[in-house]
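Undergrad: Listed below are the residues making up each chain.
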Amino acid sequence: MAGVNLKIDGVEIEAPVGENLMQAATRAGVRVPGLCQLDGLSVVGACRLCMVEIAGTPRPRPACATPVGESMDVHTDTPRLREHRRVLLEMLFAEGQHICAACVASGACELQNLAAELGVDHVNFTPPPTRLEMDLSHPRFGYDPSRCVLCTRCVRACAEVEGAFTWGVAGRGRETHLVADLGVPWGEAESCTSCGKCVSACPVGALFEKGTSVGERRVTRALVSTLTARRDRESHREVLK
Amino acid sequence: MSGGVDLFDLAQKEREEQAVYRRTVLCCGSTACLSGGAQATQDAIRDVVAEKGLEQDVRLVATGCMGLCSRGPLVKVRSRGEDDVLYADVDADAGRRIAEQHLAAGQPVEERTLSLEHPFFARQVRVVLENMGEIDPNRIEDYIAHGGYRALRDAVSTMTPAGVIDVVQRSGLRGRGGGGYPAGSKWKLLNEAKSDQKTVIANGDEGDPGAYMDRTVMEDDPHRVLEGMAIAAYATGAIKGYIYVRAEYPVAVRRLEQAIRQAKRHKLLGKNLFGTDFSFDVEIRIGAGAFVCGEETALMASIMGQRGTPVLRPPYPTERGLWGHPSMINNVETLANVPTIMRRGADWFANIGTETSRGTKVFALAGKLENTGLIEVPMGITLREIIEEIGGGVAGAKAFKAAQTGGPSGGCIPLKHIDTPMDYDSLLALGSIMGSGGLIVMDEDVAMPDVARFFMRFCMDESCGKCLPCRAGTYEMYELLDALVTGRGTAATLVRLETLCEVVRTNSLCGLGQTAPNPVLSTLHYFRPEYEALLVPDGAHLAGLPGAHVAAAAESASAFADGSERSA
Ligand SMILES: Cc1cc2nc3c(=O)[nH]c(=O)nc-3n(C[C@H](O)[C@H](O)[C@H](O)COP(=O)(O)O)c2cc1C
Ligand code: SF4
Ligand code: SF4
Ligand code: FES
Numbered sequence: 009m010a011g012v013n014l015k016i017d018g019v020e021i022e023a024p025v026g027e028n029l030m031q032a033a034t035r036a037g038v039r040v041p042g043l044c045q046l047d048g049l050s051v052v053g054a055c056r057l058c059m060v061e062i063a064g065t066p067r068p069r070p071a072c073a074t075p076v077g078e079s080m081d082v083h084t085d086t087p088r089l090r091e092h093r094r095v096l097l098e099m100l101f102a103e104g105q106h107i108c109a110a111c112v113a114s115g116a117c118e119l120q121n122l123a124a125e126l127g128v129d130h131v132n133f134t135p136p137p138t139r140l141e142m143d144l145s146h147p148r149f150g151y152d153p154s155r156c157v158l159c160t161r162c163v164r165a166c167a168e169v170e171g172a173f174t175w176g177v178a179g180r181g182r183e184t185h186l187v188a189d190l191g192v193p194w195g196e197a198e199s200c201t202s203c204g205k206c207v208s209a210c211p212v213g214a215l216f217e218k219g220t221s222v223g224e225r226r227v228t229r230a231l232v233s234t235l236t237a238r239r240d241r242e243s244h245r246e247v248l249k
Numbered sequence: 014m015s016g017g018v019d020l021f022d023l024a025q026k027e028r029e030e031q032a033v034y035r036r037t038v039l040c041c042g043s044t045a046c047l048s049g050g051a052q053a054t055q056d057a058i059r060d061v062v063a064e065k066g067l068e069q070d071v072r073l074v075a076t077g078c079m080g081l082c083s084r085g086p087l088v089k090v091r092s093r094g095e096d097d098v099l100y101a102d103v104d105a106d107a108g109r110r111i112a113e114q115h116l117a118a119g120q121p122v123e124e125r126t127l128s129l130e131h132p133f134f135a136r137q138v139r140v141v142l143e144n145m146g147e148i149d150p151n152r153i154e155d156y157i158a159h160g161g162y163r164a165l166r167d168a169v170s171t172m173t174p175a176g177v178i179d180v181v182q183r184s185g186l187r188g189r190g191g192g193g194y195p196a197g198s199k200w201k202l203l204n205e206a207k208s209d210q211k212t213v214i215a216n217g218d219e220g221d222p223g224a225y226m227d228r229t230v231m232e233d234d235p236h237r238v239l240e241g242m243a244i245a246a247y248a249t250g251a252i253k254g255y256i257y258v259r260a261e262y263p264v265a266v267r268r269l270e271q272a273i274r275q276a277k278r279h280k281l282l283g284k285n286l287f288g289t290d291f292s293f294d295v296e297i298r299i300g301a302g303a304f305v306c307g308e309e310t311a312l313m314a315s316i317m318g319q320r321g322t323p324v325l326r327p328p329y330p331t332e333r334g335l336w337g338h339p340s341m342i343n344n345v346e347t348l349a350n351v352p353t354i355m356r357r358g359a360d361w362f363a364n365i366g367t368e369t370s371r372g373t374k375v376f377a378l379a380g381k382l383e384n385t386g387l388i389e390v391p392m393g394i395t396l397r398e399i400i401e402e403i404g405g406g407v408a409g410a411k412a413f414k415a416a417q418t419g420g421p422s423g424g425c426i427p428l429k430h431i432d433t434p435m436d437y438d439s440l441l442a443l444g445s446i447m448g449s450g451g452l453i454v455m456d457e458d459v460a461m462p463d464v465a466r467f468f469m470r471f472c473m474d475e476s477c478g479k480c481l482p483c484r485a486g487t488y489e490m491y492e493l494l495d496a497l498v499t500g501r502g503t504a505a506t507l508v509r510l511e512t513l514c515e516v517v518r519t520n521s522l523c524g525l526g527q528t529a530p531n532p533v534l535s536t537l538h539y540f541r542p543e544y545e546a547l548l549v550p551d552g553a554h555l556a557g558l559p560g561a562h563v564a565a566a567a568e569s570a571s572a573f574a575d576g577s578e579r580s581a
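Read top to bottom, the protein sequences are chains H and U.
Just add 8 to the spot in the first sequence (first one is 1) and you have our numbering.
Just add 13 to the spot in the second sequence (first one is 1) and you have our numbering.
Among these hints, one or two may not hold up.
Unchecked claim - Some chain U residues well away from chain H (every beta-carbon gap over 12 Å; in silico):
#1 Asp60
#2 Lys89
#3 Ser92
#4 Asp104
#5 Ser170
#6 Pro174
#7 Glu270
#8 Asp290
#9 Glu383
#10 Thr395
#11 Asp474
#12 Ser476
#13 Val516
#14 His538
Said to hold, decoys possible - These stretches of chain H come out as covered by chain U in the derived footprint (C-beta under 8 Å, 3 or more residues):
#15 54-62
#16 100-107
Read the hints as simulated data drawn from the structure, not as lab findings.
Think of the CB as a built atom: it goes at the ideal place given N, C-alpha and C, for glycine as much as any other residue.
Excised from the complex, chain U in its bound form (with noise of 0.2 Å):
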């Protein structure tokens, strides 16, 4: 063995303790789960376990989210020699009960049990998210049990960085922090820099409203970001790591704190790791909260200190990055799935998803559906696929409109598309964008101007305020979805619109600026007459103003018919 630890050993010792146990109960600790009460339920459970004397026999682990976070918490039942039982909504009592027949006499609680068949799960395909609900996140010991480090440990003793990019530029994993960048090839693009002060960046900004896949990976599976972190680094050449994490995440901080501090220790981290003369560090950076922030180049001058706003490309930043030396962003999602490549192999991982787009992608499924939380799912696999089989359909009876993916700079899938394979071209050619992985779905009840006001008023408060099309354009382009919605809106304010949607996305500085009237052209594309259905003759929003009389004068009797409950 080259140094250091022995994961073997380590992994090991952990497994034979684990199976001293005959009983493992798994409860989801996560946010969603712990904002629904999980504290609760694990103590009623743990009061339970105590008073009956099972603590050598039973052993309580609080894991990460196990997806499902709309029937939380959740937790689930591993018994030597039987099949895992899954419970949803488990409250404090139903812990109790689940204590009391389950763990203490070997009878599960039937009506609260969910089938690990139903489709929510069986459609699921966990690459990234393969730990989650299996591991404790603040042991590093678990995660070694589970394979983890073992990936990187044979990386660095027995591969090439050339052989390591190999594998993942074969392996066609793409950026999955939005715009979908070959990963092994920008890893190429840094290993070939000339430095020996490069740097990578996990980007954990994660500011789409309502997205928290890269805030579960970090909180839930810590060490998977740091290994993936650490391959990138001894496959480019990097001896500094930052993960950029926003400060809305205290949680994650304090997770992958205490993950840099347990690798440190066992060696993973550090200098001459696993005997060879590679040396890599990992250090955490909190961010402000500011959407732009995760833009590559403004998240590398709020890394330096400076002003958060992003400047010119190029130079790129695997040319000139952090203090001028080439440095190299991915998200925490693309980081994560590169343990389970290197382990698992480049041609396992290229077999899920689709040609263009391998592997699988998560998705924090929201909106109006029976079942909504995080999944993950191969590549491909199509949209209604996700909100029959997995979302259960949509909530109370009322039929599909639309589904909202890549937030605010994405756009709308309406019904007519709902079989189109989830893919990055696919979405691309509907008008939307893969995105980070934010998936809204709609149902009939909702109105898409009132999405899209919803969305440019978010760019417009997210607006750096650096350059002027996205600054003037999102606050104008919002005053004017305003004064539609609002039934002030003529059909000149919809032309409008419309220039301003051009002059932005052609001219701002930023990808914020550049895609933020996406989610406009996207909903006036499918659903336009929503649109020229909110608009008044000219001057009738003068109705009931002092001298409107004179306007409404002007207009004939029959262009006032169809506004007159507007103008009233």
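In isolation and in its complexed conformation, chain H is listed as follows (with noise of 0.2 Å):
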């Protein structure tokens, strides 16, 4: 396969035509954060937390959604891109009621490591005054849209690996939320096949498994990942035959 050679945070890099900045860093050894992107998914660059700037380029490019080119010279961790990217999640934080402390996903939430590793250490901005309503009339998961991030990956994952297209997005704005089907409740979605593929690609406890606790999320995201890479292998064994 033809490459191309650029350079990430100065670490010189071959790369094949079709990958994007985020896989080449990662494979640089540099880490690109970013929330709503995850292995095995399509790309909606919706996040902008993956913002990185090219020399040459007047605006940062999203890392997940731009291919690598040759001669690039990539820089992901300049001053304004941390700064930009503290303010984003503060912003993040400010729009739902993240309480880490009363979270099964505290220890394995992305957002609350993106915190962590980015330095956000206060959110200047007001949360709103009331939590919504949770979505707990499935039986075995539960949703609460006060710790959704819009990720959009549940999307992806019920619509692109179970093929079940439950989930959608309704609203707009700060009104943007998640629906099953046409707008019912999670238990009552007839297209749900309950294989949870959601709850392990949500990157925070929004999504979760009735009857875990505090922090009991466990770390199943790669589960999307790993079926992904499977199919496209055997997909690729089927057309060598």
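Two chains, two separate frames, one set of hints: put the complex together.
TA: Written out as structure tokens, the structure is:
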């Protein structure tokens, strides 16, 4: 496969055409923060935490959605990017109600980890005064919209891996929220196969297994990536046959 | 004649039929005038014409917008061998009088007339709006009699696609949807894309608050949009066109549907047009009225029946558009320029306007002016000329303060830049944008932080919610602006606001978020003292709350001196 040579934070690396900057950075040993991207799912570029600077490009670009290019000079951790990421994360915290001490995902939460990684030690915005109602209608799982960061990983895992298309997005602006089927309680969504892929893809504690308590969420996010990797390998074999 | 209709025959027949009448009464039947009672005016005139038995003599036409909406309903009387007479503020009574005196007795009702030499009209140059107030938008024959569909016929039967693109490129036409991307270059990209499933899309979403340029074109000259699209399709190899119209424009939808039916009947749309193998069809898609659906990738998602949210570019629509096939999106006004450019030539068009901004621009002139309405001016005209000559100056002997262009994505132009030429680059240099044509004039009574808050509220409500910077950032910026305007903002509020402007502008996914901070940035740039005058000392906003005395006591007396009336 044809390759390109580029530099990420000074590290020279060769990357196959078609790879994105996030993947190339990971191979170069450079971690780029991000929330909406999950290996194996389509790329939406929505959280904007993975923005990186490319020399000669006026605006930062999302690493997860920018293909590698020959002789690119990429910077992933400039003071400007760091500041912007911190502000973005603060706003994300203030959009919902993230009370880590009472969350099933605490200790296994990508949002919490990012806060530590980016040095967010306070939130300078005011969170909404009331919690949104939880959807506990599903026999095995629950959904807490106040913890949802709207990464849409669950939507994509459900549609692209399970093929059930249960989850969708409705509303706009601050009112944006998830809906099951055409807006019914999750437990009544006929398309749901109860496979739990959405739960394992969720970066935070918004989707959880019932019966788990504070800090008991298992880290199973690789599940979706593993499944898709296997699927792609299988279909590759089919093609070769 | 190469197949199908003979346009010349049709045009000739229509002109002969019209020439039978001694007088033609052109009544503005556009949305603004209709809401001002134009229907009653028309009925009154029709009644008198019937009473006096003048039906053989007088032709009554409900036309499109004549522009001076603030003086509507407008009525124009055209008599054989005489100059046109224009009447303003014609209510039903005035309509009767005009019919009795002017139509029946040949005596114009002088006190109601408005000179066509009035600078409101004289300073305008009409390309896109050339048929406004002249034709009946319900009749394809009228459009054809005014030269319509000739450009399409000539392009299809005598020119190559490359030849058409060459004309559009040489004309210098740039996109009128806001971005100003050269139309010819975009056409060329689609032309070069390899596919037999290409589409062209006319963007009639027009979400800017107060803007109605595209609505007027679609309602009052719908065939012009179809002809522009068909020429674009011929030049690019597209087989299908979509017009995306917002649901709030039911009249536009009806007129366009009717126009499509008429064009098909006359074989101006459909298979094998003009006896060639060029085929082209147009369908209307109705948007749900979200501002963001005007963004091209969200618009395409909406056409495909998905949720109308933007998706990352590249790939650009000309690479991967509707259902994965190459597509091209042009604004309605951009396309409406095309028939006239093809008919009158690239050089003629390029002679209007400035070096980098050719042609004209339609503006919805609104705000504190004597004359408001829909105007079409050559690019490069100064803001002062628009305000003082066309607009008749600021209303009520007030002083001009600023003009907002580009709506929620644009910025303001203060008095010191009133002599700026209105073209893409000059406006950009001032921190505003040409935008799609909203032009709001504000007088000395307007507080600029209020303006910024108004537009931020709009962006907050219209953010699609997909990406974090815009979804959360527009909300937080609105909260900060609201705090400032309501006397709860401190110096730190202002600093935070500026940080957020930068974060949202830099990181948002689509144009909505990327430009949402513009009204704040530009009002801050030109009117910073107004913001600073709103600031209260830290802690002052706590006055009256439990424990406020603690904060108050911590402040020195002098710090309170100028904020005292707020903390009282
Ligand atoms: C939030 C947003 C709203 C937009 N709304 C419109 C619109 O209502 N009409 C329009 O023509 N273009 C709109 N645009 C611009 C379109 O994306 C696109 O650039 C334009 O239709 C291209 O046509 P043009 O090249 O002829 O200008 C909008 C862009 C954004 C980011
Ligand atoms: S529920 Fe979880 S996975 Fe789904 S959008 Fe919210 S945060 Fe993302
Ligand atoms: S910038 Fe705003 S409107 Fe555009 S994708 Fe992001 S949230 Fe949606
Ligand atoms: S990880 Fe790239 S935008 Fe979210």
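Undergrad: Work down the list of hints and note, for each, if the structure agrees.
TA: Right, here's what the structure says about each hint:
Listed as a non-interface residue, Asp60(U) keeps its Cβ farther than 12 Å from every Cβ of chain H; the least gap is roughly 49 Å. Every Cβ of chain H is farther than 12 Å from the Cβ of Lys89(U); the closest lies at roughly 44 Å, confirming the non-interface assignment. Chain H leaves Ser92(U) outside its interface by the beta-carbon criterion, the shortest separation being 54 Å against a cut-off of 12 Å. Taking the minimum C-beta to C-beta distance to chain H, about 42 Å, the non-interface status of Asp104(U) holds against the 12 Å cut.
At roughly 44 Å from the closest C-beta of chain H, the C-beta of Ser170(U) stays outside 12 Å, upholding its exclusion from the interface. With 12 Å as the threshold on Cβ separation, the claim that Pro174(U) sits away from chain H holds: the shortest Cβ distance comes to roughly 31 Å. At roughly 28 Å from the closest C-beta of chain H, the C-beta of Glu270(U) stays outside 12 Å, upholding its exclusion from the interface. Every beta carbon of chain H lies more than 12 Å from that of Asp290(U), the smallest distance being close to 38 Å; the non-interface claim holds.
With 12 Å as the threshold on Cβ separation, the claim that Glu383(U) sits away from chain H holds: the shortest Cβ distance comes to roughly 38 Å. Listed as outside the interface, Thr395(U) is consistent with that label: its C-beta sits roughly 30 Å from the nearest C-beta of chain H, beyond the 12 Å cut-off. With 12 Å as the threshold on Cβ separation, the claim that Asp474(U) sits away from chain H is violated: the shortest Cβ distance comes to roughly 6 Å. Annotated as non-interface, Ser476(U) brings its C-beta within 12 Å of a C-beta of chain H; the closest such distance is 4 Å.
A cut-off of 12 Å between C-beta atoms contradicts the statement that Val516(U) is not in contact with chain H; the least separation is 5 Å. At roughly 20 Å, the least C-beta separation between His538(U) and chain H is larger than 12 Å, which holds for a residue marked as non-interface. For the segment 54-62 of chain H, the assignment as covered by chain U holds, since 5 residues bring a beta-carbon within under 8 Å of that chain's beta-carbons and 3 suffice. For the segment 100-107 of chain H, the assignment as covered by chain U holds, since 3 residues bring a beta-carbon within under 8 Å of that chain's beta-carbons and 3 suffice.
Comparing the model with each earlier hint shows violations of hints 11, 12, 13; every other hint is respected.
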